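Asks: Required output: the full structure, derived from the provided sequences and hints.
Given next are the chains, with one letter for each unit.
Protein chains: 2
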Amino acid sequence: MADAEAFVALTPETLPTKLGGLDVLKTRIGSDPSAWRVREVGDGNLNLVFIVEGPAGAVIVKQALPYVRLVGESWPLPLKRSYFEYNALIRQADRDPGMVPEVFHFDRAQAIVVMEFLNPHIILRQALIKGEILPKIGKDLGRFAARTLFRGSDLSMSARARKEDLALFADNVELCDITENLVFSDPYFEAELNRHTSPQLDGLVAELRADRDLKVEAQALKHLFVAKAETLLHGDLHTGSIMVTKDDTKVIDPEFAFYGPMALDVGMMLSNFWMSYFSQRGHEESGSRDEMRPFLIGVIDEIWETFVAEFSHLWRTERTGILYQRALFEDRGDTLGAEQALARVLGDIWTDMLGFAGIEMHRRILGLAHNADFETIADLDLRGSCEAAALKFGRHLAVNRRSITSLSALAGLAERLDRGDIQ
Amino acid sequence: MADAEAFVALTPETLPTKLGGLDVLKTRIGSDPSAWRVREVGDGNLNLVFIVEGPAGAVIVKQALPYVRLVGESWPLPLKRSYFEYNALIRQADRDPGMVPEVFHFDRAQAIVVMEFLNPHIILRQALIKGEILPKIGKDLGRFAARTLFRGSDLSMSARARKEDLALFADNVELCDITENLVFSDPYFEAELNRHTSPQLDGLVAELRADRDLKVEAQALKHLFVAKAETLLHGDLHTGSIMVTKDDTKVIDPEFAFYGPMALDVGMMLSNFWMSYFSQRGHEESGSRDEMRPFLIGVIDEIWETFVAEFSHLWRTERTGILYQRALFEDRGDTLGAEQALARVLGDIWTDMLGFAGIEMHRRILGLAHNADFETIADLDLRGSCEAAALKFGRHLAVNRRSITSLSALAGLAERLDRGDIQ
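Quick note, the sequences are listed as chains Z and F, same order. Position in the first sequence counted from 1, then plus 36, gives you the numbering used here. Position in the second sequence counted from 1, then plus 36, gives you the numbering used here.
Treat the hints as calculated values from the structure; they're not laboratory data. Source: prediction; values computed, not measured. Just so you know, not all the hints are guaranteed correct.
Stated by the list, open to error - Covered stretches of chain Z (chain F as the covering partner; in silico rule of three or more C-beta atoms under 8 Å from a C-beta of chain F): (1) 218-225; (2) 260-270; (3) 349-360; (4) 375-388.
Said to hold, decoys possible - Listed next, the stretches of chain F that the computed footprint assigns to chain Z, with coverage defined by at least 3 CB atoms under 8 Å from CB atoms of chain Z: (5) 207-214; (6) 323-336; (7) 425-435.
What the hints assert, rightly or not - Only some residues are given here: those of chain F computed to face chain Z with a beta carbon under 7 Å: (8) 194; (9) 195; (10) 199; (11) 202; (12) 203; (13) 221; (14) 224; (15) 225; (16) 229; (17) 247; (18) 248; (19) 255; (20) 366; (21) 369.
Where is the CB? At the ideal position from N, CA and C, for every residue including glycine.
Replies: Structure (structure tokens):
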């Protein structure tokens, strides 16, 4: 193998030399790489992230490492995740323009993606912890989900293109493995990597791990996750994978991208807003959160309603794939048949979305990767109380998803759990 | 490209020269290829099939052609389907030993599979048309379905191995495309390749093509077919893909193999036995079929009961994959939880199996590829009457699959439709 192919992790010192020859970067940062300012700012679990600034502007350089950064070299993780991230980013940019950072350069051997520096954006989760109201977020995210999920499926793509893409992303085994274990299984038994707020949650955790219906649902949802290869998912669409200003929303970090069920991305999003809701009580020392709670419930409604409206619009105007062909419905004068099929597809997404939302709440409180929403609540009794309400709500979603019909009923349940009106 | 790589269709004259150098064939046929006797016997729609005999024995040489044999060069079909057939055969041989012909040699460039010559086996469909009782068939087929479907899924395989296999078979685009169009869509509108017994069925066909609930179900089943990548299917498991003697059953021709829903293989099998049932009335001039009808209903029961028993056995003894892990159930003393999950998985297969069975009946009577069961009934009024009963039964299965709970109730319905007691 040529030296040029050997992977070398970048440092702030070496980055200008390594990437300084790229015209696309000189144009965007400045023509003299020795004048570039480089800061490593990666605060995630997996990768190196550099901000590179110069007289002409700034870019992000994201480089995968051959192991999990959070854990170290003892947990190897292949560099190819960068290839999946790149492929997902360019597809998402095509399917919902303006909603993901623009990619300027990709180096597969070095696992480097150079992309747009989002400024003054902050991570959505941080904004919600601070109590910020974001007026556009529900519409932006609902539309993003509808457009990427619809346009990446057999409702829209050619069968050949979709199957080729399925095969490409089927190689993202290691990141799917993380989800398969950490989201769907570990939280429901005494797995080594688990942790939870203890002793505050010990009783409830034991109860959940003895809950047969919950475990069967979690595994049925895992079955859906691995087997329903319906569309190209973001795969990790929580509030830490979204950057915001009051006026702009960007979705980042799609390295978990793979072909899976539409309901996963939607459910994970709603789940993280519900978790934000249940965490607000832990952040009131910096001021009342009485405006945040209805805002968050409103965002959940708006994401779902926008998703349904946009998905339905695409169904009626862009249904050019092999599924639910117009030849059988509209072209025979049976537009109501197409609407009946749409209602059924959306109904399935609704039911499964609730399940994924419930499971996501459990893994963020019982598994390895916790949420800053709860983790930043210093008082462990208060944190445990917020988390307990979320756990119970998540159990309700997962087990009763087939009989739940209304987001406003869920909002009422969340409110009573949050207040302690019901245990 | 070297000449050796260019595809050349075999003929009975060239075959001994082309394959005579292979030790594995000399051992099985005879050491002097010039003494081999070669007959081309392909009666299927797609391929060349040769029986090659000599003093030491006989083999089958199956070669794909770069087009659909039935239609001609105007319908190209890639040679790589031979690669998928080979890969499916060796996996099935591993998963249910003895149930598929043994493979002796595979040549990817020439699209040739050399395999066991099954003798004195005949095609199951022909045996059923002749009115033969086959005592082992139900158990053999039920077990084959359970073993291949379970052992090719995330219930059994490692996640990595299954995803690699998924990617391999995702390239079988063209044969999936045939199923996607000819099975799930064409029968339900006036597609060019369709034909049906006319004018006898004209009224019923118009009624079915105007049946909104049926069309939506057919498309929902197509959605399952393309998106539920659960296990390696045979993909074309009808009674023309099965060879039998009284004592032996072999499954052949898995070139449609791909990752899809477990219920498809099971449903297609049962459907073809139901079609045989509805066709018996058309074959009574050669003698009463009063023994065949209960035999066929018994086979349908036995396939399903054996499938459930064997699948349940494997669930309890070989569930080593990432789905429904023992760590969450048996290892925590919750064996009932594992049984609850099994009941749910089997329940889903049941419901979807009925749907696929119904659709398969429609496409065999309304689409391009008809069944000899009906086609060999010369009297068109009689044929149409048999087909009409099957079409109505198929519609019942597809549309009411969620509320059907019993095979014996279905047997009763089939009997009344067959007798003309109900229209």
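Asks: Which numbered hints are broken by the structure, listed smallest first?
Replies: 6, 7, 8, 16, 17, 20, 21
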